[in-house]
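K.L.:
The chain contents come next:
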Amino acid sequence: MSERDNMLARIREALAVPAPMPGHDHDPARPAPALPTAADQRRVLPAVGQSFDEQIALFRRNAADLRADFRLVKDLEALAAELKGICAAESWQRAASHGGELTGAACQALGLPVLFTDQAFDKRELARCDVGISDCDALVAQTGSVVLTSRSAGGRALSVLPPHHVVVARREQLVPDLPAAFALVKAKYGASYPSMISIITGPSRTSDIERILVLGAHGPKKLTILCC
Amino acid sequence: MTTPAVQFKQDARRLSADLRHREIIQTAMGKYEVVRDQRKAAFQDWQGARQMAAETKWEAINHLDRHLEEFVRNVEARGTKVHWAATDQQAREVILGILRAKNARVIVKSKAMTSEEIHLNEAMERAGYEVVESDLGEFIVQLREEPPYHIVFPAMHLTREEIRDTFQRKLGDAPSNNPEELTMVARRVLREKYLQADVGITGANFAIAETGMLSVTENEGNARLTAALPRTMITLVGIEKVLPRLEDLALFLPMLATMGTGQAISCYNTLYGGPRQPGETDGPEEYHVVLLDNRRTALLADAEQRDALHCIRCGACLNVCPIYRNIGGHSYGTTYCGPIGAVITPNLRGLNEWKHLSYASSLCGACSETCPVEISLHHHLLQNRRNASRRKPSWWQRIAFKVFAPAATRPGLWSLVTRMGRLGQRAHGLVKGSRLDPAYAWTKTRDLPPIARQTFREWWRARP
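In order, the protein sequence lines correspond to chains D and H. Just so we're aligned, residue 39 is where the first sequence starts under our numbering, counting upward by one. Just so we're aligned, residue 500 is where the second sequence starts under our numbering, counting upward by one.
Hints were generated in silico from the structure; no laboratory data involved. Possibly wrong hints are sitting among the right ones.
[What the hints assert, rightly or not] These stretches of chain D come out as covered by chain H in the derived footprint (C-beta under 8 Å, 3 or more residues):
1. 79 to 92
2. 161 to 169
3. 186 to 193
4. 212 to 219
[Said to hold, decoys possible] Here are the computed lysine-lysine pairs in the BS3-like style, where the Cα-Cα straight-line distance is at most 30 Å:
5. H:901 / H:943
6. D:112 / D:226
7. D:161 / D:259
8. H:669 / D:161
9. H:891 / H:943
10. H:580 / H:601
11. D:112 / D:259
12. D:259 / H:539
13. D:260 / H:891
14. H:692 / H:580
15. H:901 / H:508
16. H:669 / D:259
17. D:226 / D:260
18. H:601 / H:931
19. D:260 / H:692
20. H:601 / H:692
21. D:224 / H:539
22. H:943 / D:259
23. H:692 / D:161
24. H:692 / D:259
25. D:112 / D:122
26. D:122 / D:260
27. D:260 / H:539
28. H:580 / D:226
29. H:508 / H:943
30. H:943 / H:931
31. H:891 / H:508
32. H:931 / H:901
33. D:260 / D:161
34. D:224 / H:580
35. D:161 / H:580
36. H:891 / H:901
37. D:226 / D:161
38. D:259 / D:122
39. D:161 / D:122
40. H:692 / H:669
Source: prediction; values computed, not measured. For glycine and all other residues, C-beta sits at the position ideal for the given N, C-alpha and C.
One chain only, chain D, in its complex shape (with noise of 0.2 Å):
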């Protein structure tokens, strides 16, 4: 037998004898309880505003509490200029990128050398750009996150390894919570999911030194969401 039919073998033995169910009525008649419903997590999670508005007021608030740099323009033209402003402001010399439907227009706008990371790249090449920009899959208002994953957003490397991370993201990829964004998430790649999925809230951090907040510690020390 194999280590796996062991494996598998004393589990099913030792499950053998239910256990009681959890809570304090320890009825063994009582069925299994259901998995939650999305309906379910949402009566309990933290509360999410009905518009777009609200939604967007939160996810800036949240966006602020993490030291995310969160910029709403009006269109893609705006948020080139707004990227354009951050690149003089912060002197960057080398950009990276992919191309997306977004990050195409933004880079073009940079007029800098940039590093795409779509095709086969150099990670020494990457990891000494000032900047790595990405498309995204949904910004989460409940938790001010970015979804992104390995297809959608340059791979992996391209979101961690530069200094500054920068989102463009379109506002209709706002989504109230994290029920919302696992649901989109499902139905965008359920036939086949890339090979990493990543949720970003905030730039990287440690607190491992007294409990005080470093921010950069081994991924971007910045990162800006630009919503258009």
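Given chain D, put chain H in place with the hints provided.
P.N.:
Coordinates of chain H only, in the frame set by chain D:
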């Protein structure tokens, strides 16, 4: 040779009298409590969330065979190699085998309690590999050659001065004792390691059956880099980490962060579902998942304590435990410390040798009350005490109960004993706390409350 019980008593005595140590821990925990409570309050129904999380974990664990098979089927479908390891030794051999096959030299790791559990670092270092812990706290304790102090905050017991001295000694680079500058030193050192590493090893917080993915929660981005840059990736995960569905994370991720660190959600929550897929240009070419049993199935077989496998390793029970907060994480001498460690270690590593941990509790129940998945931790401590004394009662317990039972079952004898006890206690007052006291070992740190002047039965008889 000292037994774990003797060692535990020595360390606990020393550390509970160490006021500086206590102050560091109390300060850290004080900060934690404030933010945790804010985050809990943001939930519309925290108790409802706990109930749902407990029920979801109940389903996962009580149909573990089904969920594990589904997980393996799905993760293998995207080209992942799954290994089943019954023991710590098998897990080490599997991983060392992969390192040999890949001709690896430098290994970068992100935080994994399972790797502490199987002593993976020692095994890899003995085999000649360079192993680098990338989580800042783990990196610090690795430099100091210490085990992690806490399952979430490994270097919580150290001051910035101590960390500066460690960096100075081991890295020759410590500009100041400013936490930000110290963090940047570690960032620079580790940057280069990520780029050099041949193999990246991570743990996982959840294994999603429905989609065949491993969910890794972190704040620093070190696990993201560990999973992005080396050509081979290994995830070592306990079999109990399974969750049935992807959307279960909508509840578990914010609950883990709330209780673990007092955040609404951790900075990076990442799902890994395989090696580099067609059309992707980075990420590992090979992905290995090692499923670890290491006596988890023995705990699974104990229906009474099976819910201890629901644990999501948030560390909340450590943070609220009055014992942990006084004796600290190293005194336990175990991989998993605090209340959850005291419950599972006797089950994973032998009841007789580790039963003393069941007594390192005031049975206040703070652990059970805080646990986000409603594990009845303090009841399990009592059950471990019961199981230990059933299996191998100590000589004094046997004598004590032989004397106690006849006295407690005969009313006349009982009232005689209480009357004598009152006299005896008065006489005892003369020697109490001095070396002449026959009960010195007990009374030097404790007071026995005075026996009541009048028993209930005496009062009943004397009432007008």
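K.L.:
Against this structure, judge whether each hint is valid.
P.N.:
Structure-based check of each hint:
no.: 1; hint: 79 to 92; result: holds (count 6)
no.: 2; hint: 161 to 169; result: holds (count 3)
no.: 3; hint: 186 to 193; result: holds (count 3)
no.: 4; hint: 212 to 219; result: holds (count 4)
no.: 5; hint: H:901 / H:943; result: holds (26 Å)
no.: 6; hint: D:112 / D:226; result: holds (26 Å)
no.: 7; hint: D:161 / D:259; result: holds (19 Å)
no.: 8; hint: H:669 / D:161; result: holds (28 Å)
no.: 9; hint: H:891 / H:943; result: holds (28 Å)
no.: 10; hint: H:580 / H:601; result: holds (14 Å)
no.: 11; hint: D:112 / D:259; result: holds (27 Å)
no.: 12; hint: D:259 / H:539; result: holds (28 Å)
no.: 13; hint: D:260 / H:891; result: violated (59 Å)
no.: 14; hint: H:692 / H:580; result: holds (25 Å)
no.: 15; hint: H:901 / H:508; result: holds (28 Å)
no.: 16; hint: H:669 / D:259; result: holds (26 Å)
no.: 17; hint: D:226 / D:260; result: holds (28 Å)
no.: 18; hint: H:601 / H:931; result: violated (68 Å)
no.: 19; hint: D:260 / H:692; result: holds (22 Å)
no.: 20; hint: H:601 / H:692; result: holds (17 Å)
no.: 21; hint: D:224 / H:539; result: holds (28 Å)
no.: 22; hint: H:943 / D:259; result: violated (54 Å)
no.: 23; hint: H:692 / D:161; result: holds (13 Å)
no.: 24; hint: H:692 / D:259; result: holds (19 Å)
no.: 25; hint: D:112 / D:122; result: holds (16 Å)
no.: 26; hint: D:122 / D:260; result: holds (16 Å)
no.: 27; hint: D:260 / H:539; result: holds (27 Å)
no.: 28; hint: H:580 / D:226; result: holds (26 Å)
no.: 29; hint: H:508 / H:943; result: holds (15 Å)
no.: 30; hint: H:943 / H:931; result: holds (8 Å)
no.: 31; hint: H:891 / H:508; result: holds (20 Å)
no.: 32; hint: H:931 / H:901; result: holds (26 Å)
no.: 33; hint: D:260 / D:161; result: holds (20 Å)
no.: 34; hint: D:224 / H:580; result: holds (24 Å)
no.: 35; hint: D:161 / H:580; result: holds (25 Å)
no.: 36; hint: H:891 / H:901; result: holds (16 Å)
no.: 37; hint: D:226 / D:161; result: holds (29 Å)
no.: 38; hint: D:259 / D:122; result: holds (19 Å)
no.: 39; hint: D:161 / D:122; result: holds (25 Å)
no.: 40; hint: H:692 / H:669; result: holds (16 Å)
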